[in-house]
Amino acid sequence: MASYFQVAPLALVLLMFFVVPVALVTAVSFFRYQMLVGIVPDFTLKNYIDLLSNPTTWSLYLSTVKFTLIVLIITFALGFWIAYFLVFHVRNLVTAIGLFLLCTIPFWTSNIIRMISWRPVLGKEGLINSALISAGVIHQPLNWLLYSDFSVVVAYVHLFTLFMIVPIFNSMARIDKSMLEAAIDAGAGRWGVVWNVVLPLCKTGIALGALFVITLVMGDFFVVNVMSGGLSGSATSGIFNDLQFLNYPRAAANAVILLVIVLLIAASIFRLVDVRKELVR
Amino acid sequence: MAANPSYGPRPWTFYVLATLFALFVVFLYGPMIAVLILSFQGPSASLVFPLRDPSLMWFDELFNPRRVGDVVGAFSRSLPLALMVMVLTVLISVSAGFAFRRRFLGSSLIFYTAIASLIVPGLVLSIGTLVTFRYLGLSASWYTSALGAHLSWALPFGLLIMFAVLGRLNPSYEEAAYDLGASRWQTLKDVVVPIVFPGMIAVALFGFTLSYDEFPRSWLTVGTKNTLPLEIWTMTTNVTSPALYALGTVTTVVSFVVIALALGSIVIIQRRRSTRE
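The listed protein sequences derive, respectively, from chains A and C. If you count the first sequence from 1, position 20 lands on 20 in the numbering used here, and the numbers rise without skipping. If you count the second sequence from 1, position 45 lands on 326 in the numbering used here, and the numbers rise without skipping.
Misleading hints may appear alongside valid ones.
[To be verified] Simulated coverage check for chain C against chain A, where a stretch passes if three residues somewhere in it have a Cβ under 8 Å from a Cβ of chain A: (1) 325-337; (2) 354-363; (3) 450-456; (4) 510-524; (5) 545-555.
Derived from the structure by calculation, the hints contain no laboratory data. For glycine and all other residues, C-beta sits at the position ideal for the given N, C-alpha and C.
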């Protein structure tokens, strides 16, 4: 009984500010949009048919998927090896915690500011271009450094790698070191230990990290917009555009499509790993 | 560990990974430091290096509302909002964390709803909250709809941290306290809270910063008056002077003060506890 009292405030907030809003978005996605009138209650699939038959929607989703995969691969590689370094190579625990905090501190500062801070670095007259020019490597500034797909990926990696490091670090820190010794004694090489012992034992951490990175990149609009200079879009850009024209039904339909995709990805990750069991343990 | 024993010469992989780590830290902090330096740019108003005639003029500009947006007003909303989210996140997620130590009917449903709330794209939730408030006939404002939208994200984070913290709280400690004749209140005060307290500070830190820096969930839910991240967003398109960098420096300093307070208090608590033993 006590459990219900303790969990009631959480349940109430989730109901008010998650379940009801998502339910209403779903309802509105079947409403009709009329010029000058606005939202008209109805049950129509027109919004969905409009969206799915529009090539722009497909190209936006394709570009989102592309960014998601690239960012997922880079953040996983970085996150795994940085966590590995902190857990297995740093010998002093206090040093390891200190270095871990060094990685996490930027997470607690503003994302927008961190995004903007790439401008003086990657810009036409930025640090990298001027350094390369004065070193004589190039004669013309590189234009593709800023306001390009490259800078979008840089910003994503900058903002989201932490979401890989923390869960993987958490799983790795719980690995019993004698297990690795046993693997070595049984004749495993350096890679054998990583591949057959460390990697499988970090499954939960990797799954959680991937879940965070995928949902953050898929749900992002602002990084793509700022860092590509408006050249690239994301699935969310479509929603943003519809909102500008106050076409709530179509924005809602688009939001529902995005939500369904994200939840399907999450569900398939949860099928692979029982995250809750690992967390509560 | 035999592959990397804690004595003797370090393996070559140490040096490779140490280099990777160092480069990552430069990647993480380099741009922030560039902005910090450039916020002291002189009257040349150049947005790039080199720094000419360092001055504080752009900080002065920032607090002059005629030139740039309403930074002071935005800050005076963002700060109380973040503090409210912080307090509510601690109270609600700590309480819920304890509930989840026992299995109860519907616990899985609430858990997965919380996870879904964590991963739902911020903009989707922003639209949903706005539509909900419209249907209820309420107007959106930073202390109602934005507060709720922020909580829907901060609470699941807080809950996950509480899982990690309470996972280390062995129920036999409490049972031992009861067996020794402690009351429920004494057990809570002298056994549970001391163990859980550093975790509660971590939850508070998350609650504060998730709200203070949140953009997508604030976008449609703050109503007519902007919070700080929205003000910065507007400035990125309007303001083409180092005032933008100055604002970046000011908000980052505020964040660092909050982080230092949180981490510092955890260190002090741990130290006090170890000397008492």
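Here is how each hint holds up against the structure:
1. 325-337: With 3 residues closer than 8 Å to chain A, the segment 325-337 of chain C meets the three-residue bar; holds.
2. 354-363: It is violated: at least three residues are needed, and the segment 354-363 of chain C offers just 0 whose Cβ sits closer than 8 Å to chain A.
3. 450-456: violated (count 0)
4. 510-524: holds (count 4)
5. 545-555: Our answer is that it is violated, as 0 residues pass the Cβ test (under 8 Å) against chain A, missing three.
Violation of the numbered hints given earlier is confined to hints 2, 3 and 5; the remaining hints are satisfied by the structure.
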